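Q: Here the structure of chain E is known, so what remains is to put chain W in place on it, guided by the hints.
Protein chains: 2
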Amino acid sequence: MKRRKLTTEELIEGVLAGDRLILSRAITLCESQKSDDIRASEALLKAVLPHTGKSMRIGITGVPGVGKSTFIESFGTLVTEQGKKLAVLTIDPSSQKTKGSILGDKTRMEELARNPSAFIRPSASGSALGGVSSKTREAMLLCEAAGFDVIFIETVGVGQSETLVHGMVDFFLLLMLAGAGDELQGIKKGIMEMADAVVINKADGENQKAAKRAKAEYQSALHLFPVDESGWIPQVKTCSALENTGLNEVWEMITKYQSTMHSNGFLVENRKRQQVAWFRENVSEMLGQAFYQNQEIADLLPEILSQVESGALPANSAAYNLMQQFLKN
Amino acid sequence: MKRRKLTTEELIEGVLAGDRLILSRAITLCESQKSDDIRASEALLKAVLPHTGKSMRIGITGVPGVGKSTFIESFGTLVTEQGKKLAVLTIDPSSQKTKGSILGDKTRMEELARNPSAFIRPSASGSALGGVSSKTREAMLLCEAAGFDVIFIETVGVGQSETLVHGMVDFFLLLMLAGAGDELQGIKKGIMEMADAVVINKADGENQKAAKRAKAEYQSALHLFPVDESGWIPQVKTCSALENTGLNEVWEMITKYQSTMHSNGFLVENRKRQQVAWFRENVSEMLGQAFYQNQEIADLLPEILSQVESGALPANSAAYNLMQQFLKN
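Protein sequence lines correspond, in order, to chains E and W.
Numbering follows my numbering, with no gaps: position 250 of the first sequence is 250.
Numbering follows my numbering, with no gaps: position 280 of the second sequence is 280.
Isolated chain E (complex conformation) (with noise of 0.2 Å):
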């Protein structure tokens, strides 16, 4: 029995009333790339807007087998402990031929997943960067209007997933393994210093000591970076995820937080700063797409790249070549 297609009216309704079904038929509406379901996304999020802004925003990166997974199902069951209501968003890396999630399934946070405090969405990633963070954005700020007051942004460490989720959440953890001496994590350059906070994980057994000195390790290296203009010194933190311990540690800081930049002002102003860098990157994205996908240029670009990569042209002129090409139509 194929499902009737709701009416834009029905689904502001019923995202505002916190129904589920509703709200995964939502964010699915904003995924989709068709002309008349992006008209219709668009008259969604205008009206559920004013309805947002009010969840603690949390991404949640590492790379895999630090055990995400985990971590997610032992801090979100805690946190809806605390009452609160939780959802979690994925950026799944996605098969551009298939268009759909290939960790589709919920099953590996299976009892965050039956909790009914929490609401699982795997989100597609799309065809193109901004793809991905307008889609999560849209799937974030969709789950607020729901009525969600705390929000998982997880990310796997794909392309610059982790540099867009930072650019929309309050928080950004970074979730790390104990190293038996200098192990490399695999993480990329930068995300370290992205973060508010990095967490230990499987802090338990035979591995409570390596646990304990890595921290130290970390704790030293953060102190010597730039402090944010927040004021905030990024912390570590060590838990086990498995056996449930370190996890109110975690908690506890991210609520410090919250409410420090609540109070002096951070929060608001961080917020209005990434909306901004939003715009502007999905200009500066379009634009490109523009450009890039014009045949002439299309045509013009090996050549004109090989050129440059090879010194023979210089890279300003080059550009400046292509562009006036392109403004001529």
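Check the hints yourself; a few may be wrong.
Same chains, same names: a pair is fine if it fits in one copy or spans any two.
[Said to hold, decoys possible] List time: in silico DSS-like cross-link candidates among lysine-lysine, alpha-carbon distance up to 27 Å: (1) K215 x K189; (2) K209 x K237; (3) K46 x K328; (4) K237 x K215; (5) K34 x K328; (6) K46 x K84.
Hints were generated in silico from the structure; no laboratory data involved.
Given the structure is predicted, the values throughout are model-derived calculations rather than measurements.
A: Below, chain W alone, put in the same frame as chain E:
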């Protein structure tokens, strides 16, 4: 007596012959915004381009007060004592009104200025960020064509200058001071992860112990960062530019880096990527200019941004609508 204007041929000849006066005038030509000069400088650059690429390109940054001038003077002198010809380019914060360098005097590196093997040039930053990058790159290329073996590009930490300089050099050196404990050093976020080396200056007199301690702290911290794909692990050195100690070790480190990166092909690969990135940055910047300087867009923008900031209008919708407006023209 007014100087005769040189023809492009004379400029090309003079640069390739290593004539300092003509090199200076060639760099000035490239800084000019007049359309005749832009055409002439394009021709000049194209002609000398085959003679570039053979120098060591070293970026040097650090906060005001860290002793960059003294360091460049002492370290630069050492470089010339190895038989190398050295060019020093500085990115000065320029006054928009005077369109000139406010740190225009070379007297802060007096000894080096008198050194026959050295050439010092403060570059005007121009009116656009892309302007900074292009002018400095062009000056660098001209210096290479004129036969200089080592090029220092100094940045004084304004705006995005570190990122720009990092994008055009082979080796990026961060000059720091030994702090008393957790002294905040005022460097911008992201700079530490860019550095190929941290050099702790003023390691003299009573400050030697502190410098040693700081060295150990930074070494631990840098070890925790992800390793660059080049395989190079950033090193930490101490030196006293004033007393001329530790500078040999800095030079050895850089020459080791250079030879390793030549052997494993990373240097060539990295330079290719820098060229392409420079191309894309220029395209992006010119597209942005065309958009934001469009009269209709400029008129609509303040109100749109205000709505985006306040959250009244979704940023991606705002961007999309403005883009439609722009593409119609």
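Q: Run every hint past the structure and note whether it holds.
A: We went through each hint and held it up to the structure:
no. : hint        : result
1   : K215 x K189 : both (20 Å within a copy, 21 Å between copies)
2   : K209 x K237 : within (14 Å within a copy, 31 Å between copies)
3   : K46 x K328  : between (36 Å within a copy, 24 Å between copies)
4   : K237 x K215 : both (7 Å within a copy, 25 Å between copies)
5   : K34 x K328  : between (30 Å within a copy, 21 Å between copies)
6   : K46 x K84   : within (26 Å within a copy, 63 Å between copies)
Of the numbered hints stated above, none is contradicted by the structure.
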